[in-house]
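Straight run, no breaks: the first sequence in full-length UniProt numbering ends on number 314.
Since the hints were derived computationally from the structure, they do not count as laboratory data.
For clarity, every value in this text was computed on a predicted model and none was experimentally measured.
A portion of the hints provided could be inaccurate.
What the hints assert, rightly or not - Derived Cβ-Cβ restraints for the label pairs, each shown as a range:
hint	residue 1	residue 2	range
1	Glu-277	Pro-116	47 to 55 Å
2	Gly-276	Pro-170	49 to 57 Å
3	Ala-245	Pro-140	31 to 39 Å
4	Leu-230	Asp-143	16 to 24 Å
5	Arg-32	Lys-306	40 to 48 Å
6	Leu-142	Pro-311	29 to 37 Å
7	Gly-144	Asp-97	41 to 49 Å
8	Gly-42	Pro-311	23 to 31 Å
9	Gly-20	Arg-128	27 to 35 Å
Where a beta carbon is used, it is the ideal one built from N, C-alpha and C, also for glycine.
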Amino acid sequence: MPELPEVEVVRSGLERWAVGRRITDARVLDTRSVRRHDGGAGHFEQALDGALISGAVRRGKYLWLLLDTPGSDAPGPFPGTALLAHLGMSGQLLMEDPSATDEKHLKVRLSLSPSPGKPDELRFVDQRIFGGLSVTSMVPTLDGLPGGLGSEAPLLPQEVSGIARDLLDPHFDPDAVHDVLHRRKSTVKRSLLDQNLLSGVGNIYADEALWAARLHGERPTNTLRRPETLRLLEAARDVMERALAAGGTSFDSLYVNVNGASGYFSRSLNAYGREGEPCLRCAAEGRQTLIRRASFMNRSSYFCPKCQPVPRKR
DNA sequence: CCCCAGCCCTGGCGGC
DNA sequence: TGCCGCCAGGGCTGGG
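Given these sequences and hints, build the entire structure.
Listed below in structure tokens is the structure:
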């Protein structure tokens with residue numbers, strides 16, 4: 001289940017292996033993987049044909065390849081287009097030699113212009129088809145700041161324009177997030193997962209960040225004090241940075257990075273998935289407390305009832 | 001503004 | 001042994 005660190009691993013891989021090369025052929029093998037593309041699979045293929053990949057950019061869990069398309073105006077104020085990708089639950093972007101056997105769930109194949117020492121195919125593989133690709137137009141960012149990591153241009157794919165900056169973005173503003181939270185009538189975990197407030201945090205890292213910051217996910221946001229918000233955001237950033245340093249965390253064996261190496265990292269999580277197991281912080285302090293699981297938005301939340309006390313009903 | 005249910009989808013797994 | 005139903009996940013839509 002790729003979350004932000006895994007997507008960043010993919011982005012940096014694409015920057016190294018795909019940027020500067022031209023797409024010489026695009027083939028959609030399963031139209032469901034391009035269902036969000038306006039105009040259908042044929043148009044998707046046509047839009048990529050001959051395009052030069054000039055950058056690899058990410059915001060939250062969205063990543064995109066900047067395209068210079070032949071026949072369009074030369075680089076300049078014209079925003080251009082991008083190949084936008086979301087990996088969903090099980091998406092992979094793999095650089096492969098064309099002779100490599102097709103993956104069972106191969107959905108899209110892009111042939112790239114030859115480049116010494118680099119594989120010539122970029123493949124999109126996706127078992128569960130929650131992810132997808134589309135070719136989309138770029139629009140200006142509202143704040144005039146760079147659209148994401150990997151580009152200084154103040155531009156974003158149109159679909160990403162409503163997605164907030166993520167915790168690894170140099171322009172992320174924690175104080176502004178606190179101000180919104182304090183005004184908002186909601187709860188902390190729900191807001192952590194709100195991609196319009198901050199992006200890139202999924203269910204796993206939300207639980208890990210809450211555990212690290214000793215906050216309960218049902219805590220009303222309007223009771224948060226600024227230091228608590230900053231502690232929580234810092235914890236979330238820290239969890240993601242550590243995962244990124246390790247090459248991307250995932251305990252889903254489906255996930256592999258852009259070079260095909262598994263991003264699996266067997267570091268034990270502190271909260272997520274640990275129902276009935278001891279809270280490690282409590283154990284270190286000489287207590288035995290068991291991690292609890294609760295239903296949340298058709299998913300699960302894991303927390304320590306001692307370090308993360310359930311807020312009183314108001 | 002906020003919340004929730006439902007949908008997209010596959011395959012692993014538990015239960016019978 | 002096989003079949004069925006449940007579960008996991010993010011993002012989006014539409015309705016309350």
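(request) Enumerate the violated hints, using their earlier numbering and listing them in ascending order. (result) 2 and 8
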